[in-house]
Amino acid sequence: EVQLLESGGGLVQPGGSLRLSCVASGFTFSSYGMSWVRQAPGKGLEWVSDIRGSGIVTYYADSVKGRFTISRDNSKNTLYLQMSSLRAEDTAEYYCANYYDRGGYYGKFDYWGQGTLVTVSS
Amino acid sequence: DIQMTQSPSTLSASVGDRVTITCRASQSISNWLAWYQQKPGKAPKLLIYKASSLESGVPSRFSGSESGTEFTLTISSLQPDDFATYYCQQYNSYPWTFGQGTKVEIK
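Chains A and B are the protein sequences, given in the same order. My numbering numbers the first residue of the first sequence as 44 and each following residue consecutively. My numbering numbers the first residue of the second sequence as 13 and each following residue consecutively.
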């Protein structure tokens, strides 16, 4: 059974930093790309960042480029999102999701974690 | 960026109704279109991929179709478990983008 378990969310002041983690199980982690997708309270879904299975290729939404860094440790089956210079508009539930790391499957989110809430407020 | 425009934003329907949700892409995305279902407090769940392919385990009352840059999710006979919010998503090119969502409510 595929499981994705996020952690690391919480309350942080504007300008602060936070690191999210997503521990994966039930599939061959290195064969899957991973994404972070967020959802502000009462709003829709917004893709944040992607990392391919190798961990070498990454992508970011313009709204977080230069402030967030995605990474992964395939030996630990874990995905990370380092967030810095946080703003009020980064307040959201952050989900990790996986996709098969092969052409034609990039961005097709097969499984999602349950999310971790990040609140940016003074 | 590719904009995904979903309609309607809210839909009121009864059990047994046929329901149709539309998503329009601002440019060609071929058939790289997915549909997700999200219930309150839960993560999204993949229903349809490649515009019309049913994800394993998803009931056959869900179907997807495409016509150019317009995509449709149809629920043939709405069931109590189907009251939720539905999102389309293009995965033709980065940044991946979602429609704004359609909430299916009980009439």
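Warning: the hint list may mix true and false statements.
Claimed, not checked - Within a straight-line C-alpha distance of at most 30 Å, the following computed DSS-like cross-link-like pairs (lysine-lysine) qualify:
{"#": "1", "chain 1": "A", "residue 1": "K86", "chain 2": "B", "residue 2": "K115"}
{"#": "2", "chain 1": "B", "residue 1": "K57", "chain 2": "A", "residue 2": "K108"}
{"#": "3", "chain 1": "A", "residue 1": "K108", "chain 2": "A", "residue 2": "K86"}
{"#": "4", "chain 1": "B", "residue 1": "K51", "chain 2": "B", "residue 2": "K62"}
{"#": "5", "chain 1": "B", "residue 1": "K115", "chain 2": "A", "residue 2": "K119"}
{"#": "6", "chain 1": "B", "residue 1": "K119", "chain 2": "B", "residue 2": "K54"}
{"#": "7", "chain 1": "B", "residue 1": "K51", "chain 2": "B", "residue 2": "K119"}
{"#": "8", "chain 1": "B", "residue 1": "K54", "chain 2": "A", "residue 2": "K119"}
{"#": "9", "chain 1": "A", "residue 1": "K119", "chain 2": "B", "residue 2": "K119"}
{"#": "10", "chain 1": "B", "residue 1": "K54", "chain 2": "A", "residue 2": "K108"}
{"#": "11", "chain 1": "B", "residue 1": "K119", "chain 2": "A", "residue 2": "K108"}
{"#": "12", "chain 1": "B", "residue 1": "K115", "chain 2": "B", "residue 2": "K51"}
{"#": "13", "chain 1": "B", "residue 1": "K62", "chain 2": "A", "residue 2": "K86"}
To be verified - A short list of chain A residues far from chain B (calculated; beta carbon distances all over 10 Å):
{"#": "14", "residue": "S60"}
{"#": "15", "residue": "T71"}
{"#": "16", "residue": "S78"}
{"#": "17", "residue": "L88"}
{"#": "18", "residue": "D93"}
{"#": "19", "residue": "N117"}
{"#": "20", "residue": "K119"}
{"#": "21", "residue": "T121"}
{"#": "22", "residue": "Q125"}
{"#": "23", "residue": "R145"}
{"#": "24", "residue": "Q157"}
{"#": "25", "residue": "S164"}
As the list claims (entries may be wrong) - Which chain B residues face chain A? A few, computed with CB under 8 Å, are given here:
{"#": "26", "residue": "F95"}
{"#": "27", "residue": "Y99"}
{"#": "28", "residue": "T109"}
{"#": "29", "residue": "G113"}
Everything labelled a hint here was simulated from the structure, so no lab data went into it. Heads up, the beta-carbon is just placed ideally off N, CA and C, and yes, glycines get one too.
Hint check:
no.	hint	verdict
1	A:K86 to B:K115	holds, 12 Å
2	B:K57 to A:K108	holds, 27 Å
3	A:K108 to A:K86	holds, 21 Å
4	B:K51 to B:K62	holds, 22 Å
5	B:K115 to A:K119	violated, 38 Å
6	B:K119 to B:K54	holds, 22 Å
7	B:K51 to B:K119	holds, 17 Å
8	B:K54 to A:K119	holds, 26 Å
9	A:K119 to B:K119	violated, 48 Å
10	B:K54 to A:K108	holds, 27 Å
11	B:K119 to A:K108	violated, 43 Å
12	B:K115 to B:K51	holds, 10 Å
13	B:K62 to A:K86	holds, 25 Å
14	S60	holds, 23 Å
15	T71	holds, 18 Å
16	S78	violated, 8 Å
17	L88	violated, 4 Å
18	D93	violated, 7 Å
19	N117	holds, 22 Å
20	K119	holds, 22 Å
21	T121	holds, 18 Å
22	Q125	holds, 19 Å
23	R145	holds, 13 Å
24	Q157	violated, 6 Å
25	S164	holds, 21 Å
26	F95	violated, 17 Å
27	Y99	holds, 6 Å
28	T109	holds, 7 Å
29	G113	holds, 5 Å
Violated hints for the displayed structure, listed by number in ascending order: 5, 9, 11, 16, 17, 18, 24 and 26.
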